[in-house]
Amino acid sequence: MSVLIIPCYLKDRWDVESLHRLLNSVKGQSMEFEKVYVVDDASPMEYSLSHSLVEHIRLTENGGPAKARNVAIERALSLKVSNILFTDHDCILDVDWNRHMTRFLNETDFGAVGGMTYSWGKTLLDYYHNVNGTLAGKWLLPGKKELWYMPSLNFGMKRTVAEQFPFDERFPTAAGEDVDVCLRLRSKYKIGFCPEARLWHDYGYKNSISGLLKFIRLFKKYKSSSATVYEGHTVLMWDSSESIYQGNMYESDL
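Oh and the sequence shown: position 133 is 132 in numbering that gives the first Met the number 0, straight run, nothing missing.
Keep in mind that a hint or two might mislead.
Calculated cross-link-like contacts (lysine-lysine; reagent style DSSO-like; alpha-carbon spacing at most 27 angstroms) [unchecked claim]: (1) Lys187 <-> Lys144; (2) Lys219 <-> Lys34; (3) Lys10 <-> Lys121; (4) Lys34 <-> Lys10; (5) Lys10 <-> Lys144; (6) Lys79 <-> Lys26; (7) Lys189 <-> Lys144; (8) Lys34 <-> Lys79; (9) Lys79 <-> Lys187; (10) Lys219 <-> Lys121; (11) Lys26 <-> Lys143; (12) Lys187 <-> Lys143; (13) Lys143 <-> Lys79; (14) Lys121 <-> Lys144; (15) Lys213 <-> Lys121; (16) Lys121 <-> Lys189; (17) Lys10 <-> Lys213; (18) Lys219 <-> Lys205; (19) Lys10 <-> Lys143; (20) Lys10 <-> Lys79.
Hint data in this document are derived by calculation from the structure and do not stem from the laboratory.
Produce the complete structure using the sequences and hints provided.
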């Protein structure tokens, strides 16, 4: 069985509605989660959750998604769970997402797994993210038998991996902390790819014109974490990798 961890910092009504949409997709899973943790990182919004499987943890000080995940990981490990899965509040899970992620972790030797992420919106900016593979992870080259990294919105770890490799709380925002944890755990384990474990990420673009500034800010945020990532991974950062997108989502000879 697996638990699901959802860190969130909800700034406006759209964020709250996105979280409820995600939880509806959680409720509709073909295989139920053992537990779902929603960790509110001191959001300014007032809201309530009524889903029976959800444990709603409210932090009093904002510490970033890395810290929020670690709070829930500690609770999950106390339950003796087998696997810990992660997503974000602005995602929508395919009905079989949990089943595929859990099966992959249970039936393979990989220590961690990532699934296939698509854009929810239909703007040109969303199309770019699909073609670029912005949040779909990276293959480790040349063999494409394992992943260089997988973003934490579509990610899972076996219990033994989570015990050894928590998220680094020096990362204050949702940028770089997933790259860091993947590079660290790869010192001992491999990250596999399960293309059947699909989800959709909503970037929140209303249209291609009004969304352009949000698009630029997104990549600036990712860039802002580079110094902290490079600080701890000067060797691994130079591994050859290739972004995953729909045209290269399947391994060659597995």
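Now for the hints, and whether the structure bears them out:
For the hint linking Lys187 to Lys144, the alpha-carbon distance of about 16 angstroms falls within 27 angstroms, and the restraint holds. For a cut-off of 27 angstroms, the pair hint linking Lys219 to Lys34 is broken: about 34 angstroms separates their Cα positions. Note on Lys10 and Lys121: the hinted pairing holds, with a Cα-Cα distance of about 23 angstroms set against a maximum of 27 angstroms. Among the hinted pairs, Lys34 with Lys10 is consistent with the structure: their alpha-carbon atoms are about 25 angstroms apart, no more than 27 angstroms.
A threshold of 27 angstroms between alpha carbons decides the hint, and for Lys10 with Lys144 the separation of about 39 angstroms lies outside it, so the pair is violated. Taking the CA atoms of Lys79 and Lys26, the gap is near 22 angstroms; set against the 27 angstroms cutoff, the hint holds. As the CA atoms of Lys189 and Lys144 are separated by approximately 9 angstroms, the hinted pair is consistent with the 27 angstroms bound. For the given pair, Lys34 sits about 12 angstroms from Lys79 by alpha-carbon distance, which is consistent with the 27 angstroms threshold.
With a C-alpha separation of about 22 angstroms, the suggested pairing of Lys79 with Lys187 holds against the 27 angstroms cut-off. Distance restraint check for Lys219 and Lys121: the Cα-Cα separation of roughly 22 angstroms lies within the 27 angstroms cut-off, and the hinted pair is therefore satisfied. As the CA atoms of Lys26 and Lys143 are separated by approximately 33 angstroms, the hinted pair breaks the 27 angstroms bound. Simply put, Lys187 and Lys143 have alpha-carbon atoms about 18 angstroms apart, close enough for the 27 angstroms limit, and the pair holds.
Under the criterion of a C-alpha separation no larger than 27 angstroms, the hint pairing Lys143 with Lys79 is inconsistent with the structure, at around 32 angstroms. Between the alpha carbons of Lys121 and Lys144 the distance comes to roughly 31 angstroms, so the proposed pair goes past 27 angstroms and is violated. Distance hint between Lys213 and Lys121 is fulfilled; the C-alpha atoms sit about 15 angstroms from each other, no more than 27 angstroms. Between Lys121 and Lys189 the CA atoms are separated by roughly 34 angstroms; this puts the pair beyond 27 angstroms, and the hint is violated.
Proposed proximity of Lys10 and Lys213 is supported: the alpha carbons are some 15 angstroms apart, at most 27 angstroms. The suggested pairing of Lys219 with Lys205 holds, with an alpha-carbon distance near 20 angstroms, which does not exceed 27 angstroms. For the hint linking Lys10 to Lys143, the alpha-carbon distance of about 38 angstroms lies beyond 27 angstroms, and the restraint is violated. Between Lys10 and Lys79 the CA atoms are separated by roughly 33 angstroms; this puts the pair beyond 27 angstroms, and the hint is violated.
Consistency with the previously given hints fails for numbers 2, 5, 11, 13, 14, 16, 19, 20, ordered from lowest to highest.
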